[in-house]
Structures are given as structure tokens and as C-alpha cells.
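Start from the sequences and build out the full structure, keeping to the hints where you can.
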Amino acid sequence: MEKPQVIFLDAVGTLFGVKGSVGAIYSQIAADFGVEVVSESLEQSFLAIFPNSPPLAFPDVEPAQIPQLEYRWWRSLTGAVFNKLGYLERFPDFEAFFGELYHHFATAEPWLLYEDVIPALRLWQIQGIELGIISNFDSRIYQVLAELGLEYFFRSITISSQTGAAKPDPEIFQIALQKHDCPPAQAWHIGDSKKEDYQGAKALGIEAFLIKR
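Residue numbers (numbering that gives the first Met the number 0): 0 to 212.
Derived by calculation from the structure, the hints in this document are not laboratory data.
Check the hints yourself; a few may be wrong.
Here are the simulated DSSO-like pairs of lysine-lysine, each with C-alpha atoms no more than 27 Å apart in a straight line [to be verified]:
1) Lys2 x Lys178
2) Lys2 x Lys18
3) Lys178 x Lys18
4) Lys194 x Lys2
5) Lys178 x Lys194
6) Lys211 x Lys193
7) Lys193 x Lys18
8) Lys178 x Lys201
9) Lys201 x Lys211
10) Lys18 x Lys201
11) Lys211 x Lys2
12) Lys2 x Lys201
13) Lys201 x Lys83
14) Lys211 x Lys194
15) Lys18 x Lys83
Predicted model only: the values in this text are computed from it and were never measured.
So, in C-alpha cells, the structure goes:
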């Protein structure tokens with residue numbers, strides 16, 4: 000197989016994953032605010048709501064508006080997770096809780112860097128392959144990558160919240176390709192979602208690889 004000009008990677012589930020579970024982290028921080036919820040219940044609620052949420056993308060908005068829209072998107076989702084279990088009204092100050100939770104996921108603390116990632120990124124760099132990220136993430140990704148020691152590996156970071164399109168929409172892949180002046184046939188994409196990553200990239204003519212963590 001011919002060496003690509005650029006390799007794109009998904010972020011969560013490909014480069015790094017959540018330590019433990021989202022439900023466990025929600026439960027731990029909720030307890031700090033006086034609300035006790037079983038982590039397994041929160042995990043089930045999150046897994047029921049997250050896949051059915053609208054895309055984390057905001058087309059046709061001013062860039063300055065995006066951070067607030069990202070915050071509201073996650074505030075709505077998190078509220079729905081607790082509301083599904085009947086716990087939303089138990090918070091004396093849900094806004095304070097959510098602010099803490101949102102900041103927490105902007106740090107390295109809740110994330111686990113997969114052990115094969117840095118060796119692979121270094122090898123590809125040595126081979127002269129450009130690297131980029133294509134992710135349905137929000138702007139917190141820049142701080143997360145910095146804290147995990149990954150930011151210097153990537154020439155481009157393309158995220159749904161800033162492009163106005165989320166995988167598997169071909170637009171987000173096209174925007175990423177343009178940053179490298181690379182035709183689809185000269186690019187690879189690696190991710191953990193069959194629909195968003197594998198099928199999304201293949202539809203545009205990008206060589207795609209599905210990873211299972």
C-alpha cells in the first residue's frame with residue numbers, strides 16, 4: 000500500500016479514551032455537589048442520550064459565538080442525562096455543578112492516552128507523513144491535546160463545532176483535506192466509529208481504517 004501524504008485520526012476512542020466511564024465521572028462530581036447517583040445508571044442514561052443528540056456543529060455562526068454554543072450543547076445533554084433518572088431537580092445549583100464538570104473534561108485528568116499512540120505518531124512523523132485530527136469534539140480539545148502531550152504531532156485539527164459539520168458529513172473531511180492541500184486518494188483516516196469514521200471517510204474516497212479499543 001502506497002504511503003499517504005496525510006493520516007487523519009479521530010480523537011476520543013482512537014487517541015485517548017475516558018478513564019473508567021462517563022457515568023463514573025458524572026457520579027463523582029455530582030457527589031461533590033451533594034447529589035448521590037449510581038454511576039452505572041448515569042452511564043446507561045448517557046449512552047441512551049448521547050447518540051441521539053443533534054450534531055455538535057454550528058453552521059453559519061460567528062466564531063466568537065462557538066464557545067458559548069459548545070457549553071450550551073453539553074449543558075443540555077448533561078441536564079437530560081440527570082433528568083432521565085429524576086435527579087436534575089436535586090441539585091441545589093446545577094449550573095455550578097455543570098461548570099465544574101465541563102472544566103474537568105478540558106483537562107487530562109479524565110482521559111486515558113492509549114499506549115500505542117505516541118510510538119505510532121513518532122513513526123509516521125519520521126516517515127514524513129503529515130498528521131491531522133478530524134473529530135466531533137469541541138474547542139476543549141486543544142487543551143486536552145496539550146495536557147496529554149500530543150499537540151505538537153498534528154499539523155491540523157479539524158473539529159465539528161468549529162467547521163459547522165460533523166462526521167460523517169463529507170464537509171468536515173473536505174475541510175481537513177484542504178488544510179493539507181491533499182486529494183482524498185492520498186489520505187488515510189483512522190477512527191473507532193464505523194459510521195462516522197470508516198463510512199464517512201470512504202464516501203469521499205479516503206482510505207479508512209476502523210480501530211477497536
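Tested hints:
no.	hint	in the structure
1	Lys2 x Lys178	19 Å, holds
2	Lys2 x Lys18	33 Å, violated
3	Lys178 x Lys18	32 Å, violated
4	Lys194 x Lys2	25 Å, holds
5	Lys178 x Lys194	23 Å, holds
6	Lys211 x Lys193	10 Å, holds
7	Lys193 x Lys18	22 Å, holds
8	Lys178 x Lys201	19 Å, holds
9	Lys201 x Lys211	18 Å, holds
10	Lys18 x Lys201	30 Å, violated
11	Lys211 x Lys2	22 Å, holds
12	Lys2 x Lys201	17 Å, holds
13	Lys201 x Lys83	36 Å, violated
14	Lys211 x Lys194	14 Å, holds
15	Lys18 x Lys83	23 Å, holds
Violation of the numbered hints given earlier is confined to hints 2, 3, 10 and 13; the remaining hints are satisfied by the structure.
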